[in-house]
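Residues per chain are reported as follows:
Protein chains: 4
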Amino acid sequence: MMDGFQRRREQKKQDILEAALALFMEYGVQKVSISEIAQKANVSQVTIYNYFESKQKLTSGVFGYYIKKTSDDFEKLIHSNIPFPEKIKQIIFNKKEISKQIHEEFYHFMMKEYATEGNIIEKIYVEKALPYFAKLFEEGKEQGYVNPNLSQEAILFYVQMLKDYMQREEVYQKVLPLTEDITNIFFYGIIGKKE
Amino acid sequence: MMDGFQRRREQKKQDILEAALALFMEYGVQKVSISEIAQKANVSQVTIYNYFESKQKLTSGVFGYYIKKTSDDFEKLIHSNIPFPEKIKQIIFNKKEISKQIHEEFYHFMMKEYATEGNIIEKIYVEKALPYFAKLFEEGKEQGYVNPNLSQEAILFYVQMLKDYMQREEVYQKVLPLTEDITNIFFYGIIGKKE
Amino acid sequence: MMDGFQRRREQKKQDILEAALALFMEYGVQKVSISEIAQKANVSQVTIYNYFESKQKLTSGVFGYYIKKTSDDFEKLIHSNIPFPEKIKQIIFNKKEISKQIHEEFYHFMMKEYATEGNIIEKIYVEKALPYFAKLFEEGKEQGYVNPNLSQEAILFYVQMLKDYMQREEVYQKVLPLTEDITNIFFYGIIGKKE
Amino acid sequence: MMDGFQRRREQKKQDILEAALALFMEYGVQKVSISEIAQKANVSQVTIYNYFESKQKLTSGVFGYYIKKTSDDFEKLIHSNIPFPEKIKQIIFNKKEISKQIHEEFYHFMMKEYATEGNIIEKIYVEKALPYFAKLFEEGKEQGYVNPNLSQEAILFYVQMLKDYMQREEVYQKVLPLTEDITNIFFYGIIGKKE
DNA sequence: AATGAATGAGGGTTCATTCAT
DNA sequence: GATGAATGAACCCTCATTCAT
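Protein chains in written order, with UniProt numbering: chain B, 1 to 195; chain W, 1 to 195; chain L, 1 to 195; chain C, 1 to 195.
Derived from the structure by calculation, the hints contain no laboratory data. Misleading hints may appear alongside valid ones.
When chains are identical, the list treats them as one kind, so a pair holds in a single copy or across two.
DSS-like mimics (lysine-lysine), calculated; alpha carbons at most 27 Å apart, straight line [what the hints assert, rightly or not]:
1) Lys135 <-> Lys174
2) Lys128 <-> Lys13
3) Lys57 <-> Lys174
4) Lys174 <-> Lys163
5) Lys141 <-> Lys174
6) Lys12 <-> Lys135
Can you build the whole structure from these sequences, using the hints too?
Structure, rendered in structure tokens:
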């Protein structure tokens, strides 16, 4: 159990993470200075250095925090009772509520981290997201929505890519009217279903 | 016609653009200093300021240069005689030789510019790329490769997205073995072809 | 009360102001770089930026500092017991000890600030200097040294002008031998006293 | 006599001087770059360096040009037939037509040059202005306007100072309503005339 | 003689990070 | 443990001046 000290410590750490996350998402990682984060979190710059060792490590921390926060939502969705195609739609088109307008750079900074081996984010991803995806596509295959000859990696890549893309504000706005078509292509390809 | 002066001027300008492009693509726009570009282009910093007025304008210039350079390749491909599916594959999977390893930030900086109205890049894109795409997909529809009910925008979005994604080194490496599956999904969707 | 922190802070701030003042007075504002000020004040450039936000604001600060420093001397003189003509002479001819060699540009930069409405310097001037001058010339009129028909503004203008002029090193040197005549002109005009 | 070459050369030199003078007077010496002068004079930067060796020397040249231009006006005034007090008034209060709004810094840069021994300006001043002033004050003494006990230097200094001061735009505006009083003090001092 | 091109040196400013209390 | 103070390094940009044609 945590005592009062540790609890307060944890709280302060989270304040910093929240402040940094908000700023990163709005302005991008490089444009946000430690000083600004400190100000927004109501701590001194040095306190940030006490909790995280460098901006680099803080940034990693923020990524982890963000992933953990969102992967919970993801888990819920997967386990819910709505039909398979609806799940897919939501994965692709639902922007996370916390990131109404996520900053490009932050997102891709994250994606890069995400690709690097051996970091927290990768770990969380592999431990949590992957199994859920596997489960989801098993479900899809059983219900005839997914071609069983396709490798799971390929499908996963495709979903990730779409999801990613939808995170971008300018894309999201442009593509919203095309939702039906986009979904159709995802399920039936550009050749379309034979009916 | 250009005299010796102008020719040399044009050459130097291109040297700078090339140097900047290479560095931007490798490290991103913000991480590359004018001084580094100058060094790589074998000119002094000030020379850069003589040709381009600021880093902002240089960056714009680099974007334009890049787009022009690549749109030529694109044009050639569209007009070539290879079969439709092969063209699509090449558009999606062939990384431009000049961008062996395109840097995220540069690419999205570019895409942002790209979205802004009234700039050179937008102009080139609308004037050159769009009509070619239209032509390409007409060809596809005629040959039965493309569902005629799908809006051109939706298809375009998919191609762009895939193309974009393949520009990323880390993605490229991972996805290469999945090329067949990805292409299949693009053409036939995750449900797969009915045969 | 100030604690040790604040006291040291105040001290350092004053060090910077002193260094800047000295350099501004010798070489003018534009010719003096932040780096030189930092060196003279034995701090790093950035420390200056921590105390004052920009060169512009530092310069303003230096003006305020200078004005405050000199207005105290002025107050003392006005309240002292020496005869009226002697006070006038001292106001005009006594160079402030801190400005052995005041640089033109600094001085006129200051005078410009001085003219701008709503700044500290104007405020100090209006609140402190003007009333004292008024009092001084009342005294002068009572003692028959000042023509009661003259507007206070006109007299003030003359004193200011003479005072200003004497601040210039090259003028000061040339005019010193003429002190008596200058004073005479001030009191009796170029027509001279009727005796 | 000048041939065509030399005439054109002279013309170009004057173009440069005029351009520089105008810019110096509006923005001050330090804020105006050689490049700006070149642009305004429609020549290349290097041409300026061909005529004048450095910015320093150009500046000197501009001062000389300015002085010569204005000293002619002065000469005319001294020799005109208007009464003595009116001449004084004009000297003090008439701003030179060419400098409706002379920039502080340029003016004082000039005054500093002016004070330095052995330069063109000093030379022109000593050769032309001084004798005229002497003549003027002889006239004043003869007509009873000037106290014969006052040294010429002192009077000269006083006039110069007033003239100088009036050149400043912000002073000029403020003091204009006080013209009568200022003139009175100049002639009769702050004690005023005995009537 | 005149110019377009090029540059070294320096200026103000910002930032991640460390020091000292 | 937390903070205010301090800093070295770097960045973008400007300018007087020189080079090469």
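| Violations among the numbered hints | Number 6 only.
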